[in-house]
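Protein chains in written order, with the numbering used here: chain A, 1 to 321; chain B, 1001 to 1321; chain C, 2001 to 2389; chain D, 3001 to 3389.
For the record, the hints were derived by calculation from the structure and aren't laboratory data. Hints may be right or wrong, so weigh each one.
Once the Cα atoms are required to be at most 35 Å apart in a straight line, the calculated DSBU-like pairs of lysine-lysine come out as [said to hold, decoys possible]:
(1) D:K3051 x D:K3036
(2) A:K22 x C:K2357
(3) D:K3051 x D:K3357
(4) C:K2357 x C:K2036
(5) D:K3357 x B:K1022
(6) C:K2357 x C:K2051
Label-pair distances were calculated between CB atoms; the ranges are [what the hints assert, rightly or not]:
(7) B:N1035 x D:E3068: 54 to 60 Å
(8) D:L3006 x A:D202: 32 to 38 Å
(9) A:D14 x D:M3247: 29 to 35 Å
(10) B:E1286 x D:E3068: 42 to 48 Å
(11) A:V212 x D:M3247: 42 to 48 Å
Pulled a few chain A residues facing chain D out of the computed Cβ check, cut under 10 Å [claimed, not checked]:
(12) Q9
(13) W33
(14) A34
(15) W159
(16) V227
(17) A307
All residues carry an ideal CB built from backbone N, CA and C; glycine is no exception.
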Amino acid sequence: MRFAFTTDQLALRDAVREMLAKECPPSEVRSAWANANGRTASAWDALTGMGVLDALVPEAAGGLGLNMLDLVLVCEEVGRVALPEPFVEHALVAAAVVGSGHGSMSALVGPAALGVYADSVDAVLVEDDDRLLLVAREGLVLERQSSVDHTRHLFTVDWSSAEATTEVGGPQECADAFDRAALGNAAVLVGLAQHLLDVTVDYAATRNQFGVPIGSFQALKHKLADVRIALEFARPLVYRAAHSVSIDDIDRSVHVSMCAAQAADAASLAARHALQCHGAIGYSDESDLHMWMKRVWALQRAYGDPAWHRERVARAILDED
Amino acid sequence: MRFAFTTDQLALRDAVREMLAKECPPSEVRSAWANANGRTASAWDALTGMGVLDALVPEAAGGLGLNMLDLVLVCEEVGRVALPEPFVEHALVAAAVVGSGHGSMSALVGPAALGVYADSVDAVLVEDDDRLLLVAREGLVLERQSSVDHTRHLFTVDWSSAEATTEVGGPQECADAFDRAALGNAAVLVGLAQHLLDVTVDYAATRNQFGVPIGSFQALKHKLADVRIALEFARPLVYRAAHSVSIDDIDRSVHVSMCAAQAADAASLAARHALQCHGAIGYSDESDLHMWMKRVWALQRAYGDPAWHRERVARAILDED
Amino acid sequence: MVVGSLRRMDLSWSPTEVAFRNEARAWLAENVPSEKLPSGDTRDGFALHLKWEQRLFDARWSVVSWPEEYGGRNATLWEWLIFEEEYHRVGAPQRVTQNGIFLLAPTLFEFGTQEQRDRYLQPMASGLETWCQGWSEPDAGSDLAGIRSTAVRDDAAAGWRLSGQKTWTTRGAFCTHMFGLFRSDPAAERHAGLTYFLVPLNTPGVTVRGFGRLDGDEGFAEVFLDDVFVDDAMVLGEVNAGWKVAMATTGSERGLTLRSPGRFMATADRLVRLYRDIGARASDPALRHAVVQAVIDVEAYRLQTLATVTAIGDGDNPGATSSLTKVFWSELDVRMHDTALALLGTAAELEDNGWMKDFQFALSGPIYAGTNEVQRNVIAERVLGMPRR
Amino acid sequence: MVVGSLRRMDLSWSPTEVAFRNEARAWLAENVPSEKLPSGDTRDGFALHLKWEQRLFDARWSVVSWPEEYGGRNATLWEWLIFEEEYHRVGAPQRVTQNGIFLLAPTLFEFGTQEQRDRYLQPMASGLETWCQGWSEPDAGSDLAGIRSTAVRDDAAAGWRLSGQKTWTTRGAFCTHMFGLFRSDPAAERHAGLTYFLVPLNTPGVTVRGFGRLDGDEGFAEVFLDDVFVDDAMVLGEVNAGWKVAMATTGSERGLTLRSPGRFMATADRLVRLYRDIGARASDPALRHAVVQAVIDVEAYRLQTLATVTAIGDGDNPGATSSLTKVFWSELDVRMHDTALALLGTAAELEDNGWMKDFQFALSGPIYAGTNEVQRNVIAERVLGMPRR
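Start from the sequences, fold in the hints, and give me the full structure.
What follows is the structure, encoded as structure tokens:
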């Protein structure tokens, strides 16, 4: 029994954190809100350079040969800086199925999926009637959908007229791809929540009202303590799900759903309290806060909303005999 | 449009409050916890003397000829002192159906009802297959059930071998009897909650920790503010339901269910926060607090639990047409 | 519900009130734009909304409870409630004049001079002059008594010179006038020594900069004042008594006037319709009862308002209980939008569903008009009598 | 999770641990009384529980993680967790010795002298001597530093004279010994000048009065001390350093040791069984997901414990994070009982369902071992670094 990360896993996290701090500061997220494709100038290339985009690809096929347990902390870092890139879709979903060499990819798996950044990637992995297909972007008919998070360029994707599609997986691959997406999304939400907590704690220490820092008021302390508690009891579920996925544990889908529900709720709480503690300052779009909150509001129901995941757990633990 | 009580209604409330303050102080409730029938020494006689037990009985039949709107504030007073008597069952349910002259009565109406004080009343009004029957106590087979509130002497009641039963109502009378019970119960819960709030506010002003009254801490202030808010938005629903019942409004059952759910939730919150604000002192049975909390825990699901009532509202407003 | 009367409770509307409702409903059905206007918190939308306000005013629906001389109908509080219900029921446009009509105007009626009422009320009602609040400052948000903007007496000119910065001023970039508090006695502290001023925003020395809100609209503004001269006629109430005057305004904001039950009844209706459309497909079985609870809460809010209006009619003063109301409606509004988004599931993030944008607006409720943390302090200390720190 | 290692995550149990689990499970299956014992918080029930404790001790299951010389098995923390899971899984009796074994003992191991360990540990493990806490006083509940009971130095007798009153002492009326804090330096204030003492309750000058708890059991006691002499050997840790010693004990109480995941796993299992029995008949559709959420939360708690034990093994110190754990499990426990009572509906008030009594016990969780309000302050100030008032 050992429930902790290796020094290598922590070192990878630290390296990604350091890189993202440079490549994706808040100003870069703000730029992505306004630019043509909603993405960063150089973070994708930097991630490519570090190899993490092909981390799940076997070494023999030119990847790093890592697994979800190695990548879950990287997902947290992606969330922490609100990286506007199809990281989960490419690295956790598509590349893990089709390997490297297809350029950048997005993915559509699970209930009611839309294609994020489908207009700026080279190919999209789609789930179609229990099969996984890889479709080149040129073959797709896209219709833009407007997300509350303007960096999330979302599209309904129609591949029925695409000529070049390759079948790359069956029912089990579909299920596993969805689980990896939901897990990666949960880890991203944890990172987003951690950032929201951190900046709110900082803000509450410096903002004065009634002659004292507002962070000295019990009402704020208790709200932020609750966020800290929610994170404390979301992370272990995320890490365990990553472990279960990495060893193909038979219960991995239930473990993913447990962490997906918990992480979404923790992030939602973090956004709620972050805004309330910031007050009107946080309600302005000149504050960076809104970009993190809107990412939470977008992702908290992506790849299955919390109730969908709870229902998946319910069917496993309540309805069996 | 006028949503307020008359001076007469307020005067009746005040008279009952004054009487109950004398006849049912906390020491009397404590005695009822230990005595043979769980009831007071003299409060029932005093209520009889004031006529309120027959308040819903027409004047021609020897009652006061009042209606639910006149009595709803009296129910609050009954809750405020945690009166251990079958007030709702007798005055709001049974006497309203069968009039006076049957001694003291209990009543079994609605889902999963048990007979409160069925061993010490003279007769019980029971709902039996969409009929209301009045059964003398001698004809009943009683089995004691232990409530968390030891003043509530509860019984499963079997009247199948009773010789003297009188049919006193049909389906509509059954439905109306249940609605009056649920409404009276809601008003009692409001009174219980008000008392819990009052004593907790008082306690928090006098108990010192960390060199200040604990009531000066924001955490306690906000908890008790929430209780006050819950009461502010439960009472109008209770009073409106009383009005609807008093004029046989076609939507009276929905109105009763709205107030029943809201009052039960307000009382439950009041009990929760009262205990937490009292801390260990409230956790001791030497404090009177527990008698009020346990009454709440008993009554908050009597005559339909909040979800049962919400579902009744749901069928009316969500499933129609 | 404490003041007695021999009249029994009566929850029916009189024939006059029913007729009033029918008249309002008919006019609104005829006149409300069939296309939803663009947000009034954008420059273009604001202008379109003012056209609507003018139309309301011309038909004397702009300020129904005001005296006829200012464009109203002398309507009772009950009729005003009825009008608001109908207004929200039909989904009529947001009132971009509300800070003037619902906040400043009651204060003008209570504290203003006859000259001030004659000068300002009618242009306010017609939308010719539009008012924004000038209370919050960068360092005075929840702590309104922390105001630092100053009013320096200019005896020679028989007026005052205002300097400082106001911020989070809703629609400030589009309005013509501002009302706000300034520190007129530099020696006084906190609540003392403040004066309530009316300030035309085209006065020399005023600079307004609009900025965006959470929901993307340019609904906020900063107002910079650099030695702005206003004469004595622009003081509302007494000099150095601004706090008392302002508290009357915030009482209006938190309590009855701004957020009438009609608004939340309309939201609850939309929520019920959403549930009927998609509730059966939602993954969360709890949403059925969440929708019911929203309806119950809105009904409780409506009834509590009826009780309050009855009490006002009986001569009672609601006072600090407006804090109870503010906490309740603002958090109810958030809950209703949470429920709607949960019903929408993965589609909730899409802006075309309308709920996501309204959700963001709902989140401002627990913040503005005094954060709910401050309101809960007020409830504890002034309603329950708990000890101050 | 901050200390690194090259060993990869591994959530499986070793063959040794599996064997340990099987041995424990087999013994418990054989020995746990088939009839539930009466509450250990009553005089009669306490005596029956002590018989069970003796049986546990005789089979060396009483204190598995202790050294063998004191009756333990030198079990690892992992094995101890496994044992607790099995213990709760089978519904074995409440440990009436827990205040000694799980609170005082870790403190004795850390701060005690060899003589104290040799004298007190084994009788504690066997239940021959039973310990209660003597911390809270009538005016020192949440504010433990407000302690007024005094320890006056008696140089001649080489000891101390204790006076004062302790209260809310769980099972104090049935125990033989008490540990607690006394003010040994009258000039010092708050956390300073306190000393941690061990007090046999049969010492002259001690009076114990039992009283009832919320759930009706006589589980509380007041302990009055009137010039009670204890010699120097009864001081645990250093004189005037009692706060530091006590904080180690409360850390144990709030954190890992007392409330192991096994207890809540067992409650969640009961809740799942209750749902399977009657969930389909319950009127609240939300309960299905409430039960699921309970299972998720318990699983999160179990995994968080595994992470903490791993970190301790790596040399990390959990520190103030024990406050996170305490708030979480205590409120989770209340939620689980709320859900169970909601499932039971109108039958919830009946005592024979068992849940109503356990619900009342659950309500003590957010109060004892430092109220959750105090814990949230600790989390904000010591974990998040927010400013003190």
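Exercise for the section: Mind listing which of the numbered hints don't hold for this structure, in increasing order? Expected result: Violated hints (numbers, rising): 11, 13, 14, 15; every other hint is consistent with the structure.
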